[in-house]
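Kindly generate the complete structure, drawing on both the sequences and the hints.
Going down the list, the sequences are from chains A and B. Heads up, the first sequence is in my numbering, so the first residue is 2 and it goes up one at a time. Heads up, the second sequence is in my numbering, so the first residue is 97 and it goes up one at a time.
Please note that a few of the clues may not be correct.
Claimed, not checked - If you want the footprint, here are the derived chain A segments under chain B, 3+ residues with CB under 8 Å:
| no. | region |
| --- | --- |
| 1 | 41-49 |
| 2 | 103-109 |
To be verified - Calculated pairs, DMTMM-like style, for lysine to aspartate or glutamate (alpha carbon to alpha carbon, straight line, at most 25 Å):
| no. | chain 1 | residue 1 | chain 2 | residue 2 |
| --- | --- | --- | --- | --- |
| 3 | A | K59 | A | D86 |
| 4 | B | K167 | B | E149 |
| 5 | A | K107 | B | D182 |
| 6 | A | K50 | B | E146 |
| 7 | A | K107 | B | D152 |
| 8 | B | K112 | B | D159 |
| 9 | B | K112 | B | D153 |
| 10 | B | K174 | B | E164 |
| 11 | A | K69 | B | E198 |
| 12 | A | K50 | A | D86 |
| 13 | A | K70 | B | E198 |
| 14 | B | K111 | B | E164 |
| 15 | A | K50 | B | E198 |
| 16 | A | K110 | B | E198 |
| 17 | B | K112 | B | E164 |
| 18 | B | K111 | B | D182 |
| 19 | B | K107 | B | D153 |
| 20 | A | K107 | B | E198 |
| 21 | A | K107 | B | E140 |
| 22 | A | K110 | B | D182 |
| 23 | B | K107 | A | E89 |
| 24 | A | K110 | B | E140 |
| 25 | A | K50 | B | D152 |
| 26 | A | K59 | A | E89 |
| 27 | B | K174 | B | E148 |
| 28 | A | K107 | B | E179 |
| 29 | A | K50 | B | E140 |
| 30 | A | K107 | A | E65 |
| 31 | B | K174 | B | E140 |
| 32 | A | K110 | A | E72 |
| 33 | B | K158 | B | E110 |
| 34 | A | K59 | B | E198 |
| 35 | B | K174 | B | D159 |
| 36 | B | K174 | B | E110 |
| 37 | B | K167 | B | E148 |
| 38 | A | K107 | B | D153 |
| 39 | B | K107 | B | D170 |
Simulated from the structure, these hints should not be mistaken for laboratory data. We treat Cβ as the ideally placed atom computed from N, Cα and C, and that holds for glycine.
As a plain string of letters, each chain reads:
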Amino acid sequence: AQSVTQLGSHVSVSEGALVLLRCNYSSSVPPYLFWYVQYPNQGLQLLLKYTSAATLVKGINGFEAEFKKSETSFHLTKPSAHMSDAAEYFCAVGTGAGSYQLTFGKGTKLSVIP
Amino acid sequence: EAGVVQSPRYKIIEKKQPVAFWCNPISGHNTLYWYLQNLGQGPELLIRYENEEAVDDSQLPKDRFSAERLKGVDSTLKIQPAELGDSAVYLCASSSGGSRNEQFFGPGTRLTVL
Numbered sequence: 002a003q004s005v006t007q008l009g010s011h012v013s014v015s016e017g018a019l020v021l022l023r024c025n026y027s028s029s030v031p032p033y034l035f036w037y038v039q040y041p042n043q044g045l046q047l048l049l050k051y052t053s054a055a056t057l058v059k060g061i062n063g064f065e066a067e068f069k070k071s072e073t074s075f076h077l078t079k080p081s082a083h084m085s086d087a088a089e090y091f092c093a094v095g096t097g098a099g100s101y102q103l104t105f106g107k108g109t110k111l112s113v114i115p
Numbered sequence: 097e098a099g100v101v102q103s104p105r106y107k108i109i110e111k112k113q114p115v116a117f118w119c120n121p122i123s124g125h126n127t128l129y130w131y132l133q134n135l136g137q138g139p140e141l142l143i144r145y146e147n148e149e150a151v152d153d154s155q156l157p158k159d160r161f162s163a164e165r166l167k168g169v170d171s172t173l174k175i176q177p178a179e180l181g182d183s184a185v186y187l188c189a190s191s192s193g194g195s196r197n198e199q200f201f202g203p204g205t206r207l208t209v210l
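Pasting the structure below:
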């Protein structure tokens, strides 16, 4: 069985400040890990994914995440927050070869303060 | 390329009434997913189709929920009768299968049961 814990249901940062959204996972098999973003009244959009290649994964919109097996973490970062980054972010763990059966965390709502 | 299309976007019904949601996946995507997203939570898988076959419906409450994917293209999710606790967003996603199995999400249908 797999699970995802996102620390902090709501994170606020100032525009231009570092964004750090935390995600810890539990998986009985080597995981595939994902970050999705959801803007209000929209579906989820993939930001980035880890599939056992490089541990530092770069995604869209300047986001990146680092897979740390020893810490079972996959935290999402962005060096400088922009107002347009305000959204809800979901971490997910995938299993099931070829099917990526996803288990999502509860999400972290990011607010960016001008 | 058109994305995943869902309709209606919003639906308000009274309890005990039936309701249906429709999803048209990205052209050529063999795998289709229905997710339930409660307020403040991440999506939870209800059912997964590979072509027209439901390969994982273990989380679908079969006493009131049903789904079909005739001809392996678009899909319908039905609730009959609806209960107050069914108020949520119902998301549809699709993927092409194989090693590059990113799930693409539709905008969802927001259901309110009064």
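Okay, the hints, checked on the actual structure:
| no. | hint | result |
| --- | --- | --- |
| 1 | 41-49 | holds (count 6) |
| 2 | 103-109 | holds (count 5) |
| 3 | K59/A to D86/A | holds, 16 Å |
| 4 | K167/B to E149/B | holds, 10 Å |
| 5 | K107/A to D182/B | holds, 18 Å |
| 6 | K50/A to E146/B | holds, 22 Å |
| 7 | K107/A to D152/B | holds, 22 Å |
| 8 | K112/B to D159/B | holds, 13 Å |
| 9 | K112/B to D153/B | holds, 23 Å |
| 10 | K174/B to E164/B | holds, 9 Å |
| 11 | K69/A to E198/B | holds, 22 Å |
| 12 | K50/A to D86/A | holds, 18 Å |
| 13 | K70/A to E198/B | holds, 22 Å |
| 14 | K111/B to E164/B | holds, 23 Å |
| 15 | K50/A to E198/B | holds, 9 Å |
| 16 | K110/A to E198/B | holds, 23 Å |
| 17 | K112/B to E164/B | holds, 21 Å |
| 18 | K111/B to D182/B | holds, 9 Å |
| 19 | K107/B to D153/B | holds, 24 Å |
| 20 | K107/A to E198/B | holds, 20 Å |
| 21 | K107/A to E140/B | holds, 10 Å |
| 22 | K110/A to D182/B | holds, 23 Å |
| 23 | K107/B to E89/A | holds, 23 Å |
| 24 | K110/A to E140/B | holds, 18 Å |
| 25 | K50/A to D152/B | holds, 23 Å |
| 26 | K59/A to E89/A | holds, 19 Å |
| 27 | K174/B to E148/B | holds, 16 Å |
| 28 | K107/A to E179/B | holds, 23 Å |
| 29 | K50/A to E140/B | holds, 19 Å |
| 30 | K107/A to E65/A | holds, 20 Å |
| 31 | K174/B to E140/B | holds, 17 Å |
| 32 | K110/A to E72/A | holds, 23 Å |
| 33 | K158/B to E110/B | holds, 20 Å |
| 34 | K59/A to E198/B | holds, 16 Å |
| 35 | K174/B to D159/B | holds, 11 Å |
| 36 | K174/B to E110/B | holds, 15 Å |
| 37 | K167/B to E148/B | holds, 6 Å |
| 38 | K107/A to D153/B | holds, 22 Å |
| 39 | K107/B to D170/B | holds, 19 Å |
Checked against the numbered hints listed earlier, the structure breaks none of them; every hint is satisfied.
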